[in-house]
Amino acid sequence: MKKNILIILAGILVFMSSCSKDFLAKNEKNPNSPSVVDPKLVLPAALNAISTTMNNPRRFEFVYLWHGLWSISAGYSQPQVLTQYKLINASYQNAFIEFYRAGKNLDVIEQQSKADPKNVYYQAIAMIMKAYVFQNLVDCWGDVPYTEAFQTEAGNLKPVYDKQQAIYEDLVVKIDAAIALIQAAPFDANVPTGGSDIIYGGNMSKWLKFANTLKLRILVHQADMDGRTAYITGKIATTSAIGYIGAGNGALLNPGFLISQGKMNPFYETFYNNAGTSQSDATTYYFAGKDAVDFMKAVADPRIAKFYQTWDGTSYDGNFFGLSQDALVAQAKTSKLGYFKSAAGVEDATTLIGTGSKPTPILTDFESLFVQAEAAQRGLLAGDAQAFYEGAVTQSFLYMGLTSAAAGSYLSQASAKTNYANATPENKREVILTQKWLALNGIAPVEIWTDYRRTGFPSFIHFSTDNAKLGTGTPPVRLLYPQDEVNVNNANVPAGIDSFTSKIFWQKR
Amino acid sequence: MRKLSFLLVLLLLTAMQVLAQRTVTGKVTSADDGSGIPGVTVLITGTSTGVLTDLDGKFSLSVPKTATTLQFTFVGMKPKELALTAENNYDVVMETSAQQIEGVVVTAFGITRQSREIGVSTAKVADKELTRAGASNVMNGMTAKVSGLQINTINNGVNPETKITLRGNRHFLASNQALVVLDGVPVSATYLNSINPNDIESVSVLKGASAAALYGNEASNGVMIVSTKKGGKQKPTIKVSNTTTFERISYLPNLQERFGSGSGETPGNSDNNYTFWIGPDRNTDPYTSYENQQFGPEYNPEVMVILGGKLADGSYQMVPYGAIKNQKKNFFQTGVSIQNDVSYSGGDENSNFYLSAQDVNSTGTVMGDKNRRTSVRMSAGKKYGNFGADFSMGITKTKTTVAGGDMNQGRGVYWNVLNTPQHVPITTYKDIDNNPFATLDGYYNAYYPNPYWQIAHSRQLNDRTDFLGSMNLSWKPVEFLEISNRTGLTYNTSNYNDYTDEAIFSTYSKNDPWSQGHMGQQTPYSGQSSYEMRNTLNLSNDFLVKLSKDFGDFTTKLILGTSLYQTGFNAMYSAASANVIPGLYNISNRVGEPIATQTTLERSSLGVFADATFGYKNYVFLHASARNDWDSRLVQENRSFFYPAADLSIVLTDMFPSLKDGPILSFLKVRAGISKTGQISLANWYATVPSYVAAAGFPYGNNAGFRLSTSLSNPTLRPELTKEMEAGLEMSFLKNRFTFGATAYKSNTFDQTIPASISSATGYSTAFINAGELETRGIETDLKLTPLVNLGPVNWDLTINYSYSTSNVLSIYPGLDELPINDGTAYGILNSASYAIIGEQFPAIKVTDVLRDPEGRIIVDPLTGLPKTAPALVKKGHANPNHILGIVNSFSWKGLTLGIVAEYRTGNNIVNRVANALDFTGVSEHSALNGRQPFMIPNSVIETAPGVYTPNTDVIVTDAGRAFWVNSNYHTTDAASVTSAAFWKLREVSLNYDVPVEKLFGNTKVIKAASLGVVGRNLLMWRPRTNVWTDPEFNTNSATSNAVGYTNEDQTPPTRVMGFNVKLTF
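Chains as they are written, first to last, in the working numbering: chain A, 68 to 576; chain B, 32 to 1097.
Heads up, some of the hints might be wrong.
[As the list claims (entries may be wrong)] Computed Cβ-Cβ distance ranges for the label pairs, DEER-style:
(1) A:T541 <-> B:W1015: 53 to 59 Å
(2) A:A416 <-> B:T747: 48 to 54 Å
(3) A:K364 <-> B:T741: 43 to 49 Å
(4) B:P746 <-> A:T541: 49 to 55 Å
Calculated directly from the structure, the hints in this document are not laboratory data.
Using N, Cα and C, we set each Cβ at its ideal position, and we do this for glycine too.
So that you can see chain A by itself, here it is in the shape it has in the complex:
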């Protein structure tokens, strides 16, 4: 009897030990998610993530609200973070987090592609877009982790913060390197497909111009710095032969937006769900800003009908952001953000809100032309500033669904606010930057903020009149580091940062 029992026990143990290896290996592979993914499937997700961050109006609403373009309707309580400029560390931290997440995915593409010379285009696009991400990070937060970012494989969970100017200078180096990679690519390099490169569909000559325009944007940001001109012109010269994004070649992203929840243009989807269906409070929350409306009314700007809606069929009116509740014009008498749907249910893609399938702007042709206009006006770039400026406004008109003829009459009216030739020499830069501010409404928030901080244009913005507001009477010059960074990377996060006085290095006013 005892012997039998022992045999049975031994048998069970042998059986269990033989099956236990597979039995316990179940969780070594995730049945829901892959552990390694080809760069061509990661690239579209990374590009789309950047687009979603830049184009989700809630991520950078403060820019539109603080700079006279939008206001918050009288029907809602005004957030004090904004009306009183009381940024806290957690304010708008999501953009920081999302930029680094996208950056990490681009970094993985870059590292994986390095191993295969045929993937050189993926490597170059990843490098260019990383530069785009870091330019925005520096413009909002100044010193940020750069050299030690994304180093989890090396076990670095607390990256040091690099000096903003050093990052900016290295971005130019990296863009030049990416340009060189594309120019020296082997003839059989894998050209990204339209489903992977959801900006230019693998058109690498456009990517060269994109890279060069991004480089110009970065350099022009530094134009007001003392003794910086030689650096800027020197850097522009090395790649000037490539040229810049011209009319019709703007970087617009479309992963294949569908009219379906979660798959629409992110700007549009903040306001509407399925075609024309209200999804969120945003439609009754964001209204027109009085500065923009008044400016456009004064110069009979036809884009007003695209940026905003009439409130009574004919009139446009906005509110100054940050007025006390009592002083606000009633919701019923204020313009909503631009949106149009015909009786037949067809939406107008050229309005500010547009449609759910409209591509998102990454770097538009008119912004490129405005940057070139400013560079030329400053004497940094060869060419006719007026021609760049007029081309920029014309492209903005076309982007907003208007004609070049309309742009022509707009630009040729007597007002020096639009007519470059009629502006005094000292006002020409203001004309360029004021028109750029208007054209970038809802399109490039960080550039609007950066331009204002470095140049002070437009000069007529009304800042918060909330009597409880803090600081100097103008909005903060930077965002504060995310709360989690302060908590977990405290030793590296720069101390003594003040949202009103800790200027980004290129801000000299």
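Could you slot chain B onto chain A? The hints should help.
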């Protein structure tokens, strides 16, 4: 249990020589149900002469003339003594002894052990105590009856969810719920809500982590061992019963009935027909006929006012401008629950059989909310010589439907009821199709829909099936050895369907006829539906070798075993954001792409263990166990972990019999135990491997896109470890009439698995790491007075249990003092949240507050007199009740039994977020206390220079209505609505009458027993004066979340349950 003792005693008695001088006969019946008890030992007092009762409970015994009394004893029953008279026939009724100190306890794998052997704290609740007050789920029946056990009903409703913890919290983030083992098969705690309480024989509670030595790492939070009823050696018995209960809202928050509609939000329109002042007072906002907020003029029922606006046909509604009495309470209906049971049990010496069925049909206090639970359970067993086999299985089907959120903001029904001004006759708006003032277009409220609309058009349905089966085979080849194998399987599948209909407004309302932003203006609301199918399959197999042998004064018991556990989970979720054809809730009926996701999870573990008990002279017991687990969720190098436990029990009254000599002390046992337990607390079972997920929005048609997970994989993860120590004593006095037990314990759980936030510049947000330590200490005491009073037919049993527990965070991880348990700073907006904070009790509450000076005075604006928001969250105590007191009374007189259970909890705080909802809408009582007249915030200061605060003596809040209660931050911050969460509750009151069947119907043998009862649950609640909001036991989170301590307007108000039951035994 009865069977076992029957066999033992039979062995003892058959050899006895009996001298007879007269024959006494009789029948022993159970006080529970009047059935005869077989196997009761009947002894002539002072001798060893006796007999056992037969299958019907009858006995016949020859007694010497000199004998004066007979003793009746039976395991699990109170011993009884009977004085002999000249009579030769006696009827004896025996009562179950609910928790007797010298009883037996069902421990791991269904092994029954003498209570005296066990060196750790255990408790047992018998079936009768569980179901006395007609609770439709097991957990409600357990509440307040065991020290150290805390049961929270986390929300009201037709199918309430409960949270069960034993000895407080051990884990920051992982579940602190106790493991439930049903007939030897580990099941999730929520499974308990699906079984029929009448099927339960008893619940044993193993309070400490030491239970994990045998149950594996899931048991580190303690174990509740649930044993279901089995048939036995008895005549076939059929029991039929009905319990019908009625549920009414018992408490609403304190509400003001003084001011009506108005918000002053539309000053530009104040000259129209819908906005005007009533009476001379201009301090409040004007009356606004379509307004949900209640900051308007003072009520005057003699004035008739327009409600809402003109409809398309020109009609409009006029109502008296006065509060309607009980307006909000009357919105809620009486919920009815009808519970029908039938069971059959039988068996003979070698077999047993049990079959039961139950149907519970409930309607909720919110119209349309329903729950129906139907269950069947069967168990049977048979012995063949030294082989035994038994199995049990149960199937439960639960179907629930409750109202969902409204179509514009997803708000719950309660919110929309609170947003109904007190003069609005809300109960007249039930007919949403035919009453023109109840339709979407005609409903008075411009901002929120008629709650009856969402009851009809927004629903959450859940159809769930639970199956549990287990099979046990045993072989006892020789006396000292038993080999057994138990296989258990649980399978549950749930189909969850959630939909909101499209809301279609008329062109008239779309055009905003009242010129104030009619809801219809923001249309259309396209409706949505989602469907989720989940199924879980758990398999467990335990193979055990049990050895026991005595060597003189020494006894040994050894259990060797292996345990396999495997679980698989699958879920399919699909959702559509817009339905096309109204009333058809199918994902195919949609526009746009559906959302579709699939989740497949698997894990398995293997355990090998040994458990040994050494006894000396039946008064010293040393018990030790050791277990090694291998778990698939960890990488191979870290997969194996070992944990030991030991405990010691000494029965001092047997060791030193002189202790017992006195008339007072009858039993004294001291015990101590120590254990270490590993537990794997990974929410993500694949946390050790990197993963890419489909990026948001992808795939767009044919374009796929993947991104890295935002959580960094960590292959170095290890189990959490809990070290627990306890010591206690059990004593009884006056021949076990008074018993007292006390235990002190301390548990330390370290290497907690926590999602460390890491620098987002790494590209990730979190990495799961092992860090942090939580220490929980406590005392549990149980006092039983059985009986406290015994005066002939009058009997009063009293049980009091008291527990004290405190959990303190000792460390988190280097450089971090606080760990949020839920997200406190989503999207840059501060939100109150639960935290683990070093040096504070867990879980700590941190809330938003207004800005205060260093002395805690409110800083107000020098112009407006209003406070500002503080830039950071402030600490406001913790959510764990330190003191819990349970009192269980049982009074009996003849056939009548009155049971009363009360519970008291204190030491913790609650954030009454419902207060925000009430302040927002202006219906909270305190918002009307000063008559909405200008006032100065008490104890406020003004910052006259940076850091200089001067008491505010003259700056007043001029608008004491909406401007203060809604827009001043007082409403948006939570600090003012934190109150003590203390409460006294009258949990159960039951009155049962055992019908004297034989007297009424004679000895017909058809009806063996019958009882009638009235029951009441949660009849009364006492709270501190400051808590005018709701039941502090409620909680906004799920049972597995540790972020407790919040109530809000998504819950329904507390209720009171009353009803009756009828039980018949055939």
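Hints, verified against the model:
{"no.": "1", "hint": "A:T541 <-> B:W1015: 53 to 59 Å", "result": "holds, 58 Å"}
{"no.": "2", "hint": "A:A416 <-> B:T747: 48 to 54 Å", "result": "holds, 52 Å"}
{"no.": "3", "hint": "A:K364 <-> B:T741: 43 to 49 Å", "result": "holds, 46 Å"}
{"no.": "4", "hint": "B:P746 <-> A:T541: 49 to 55 Å", "result": "holds, 50 Å"}
Checked against the numbered hints listed earlier, the structure breaks none of them; every hint is satisfied.
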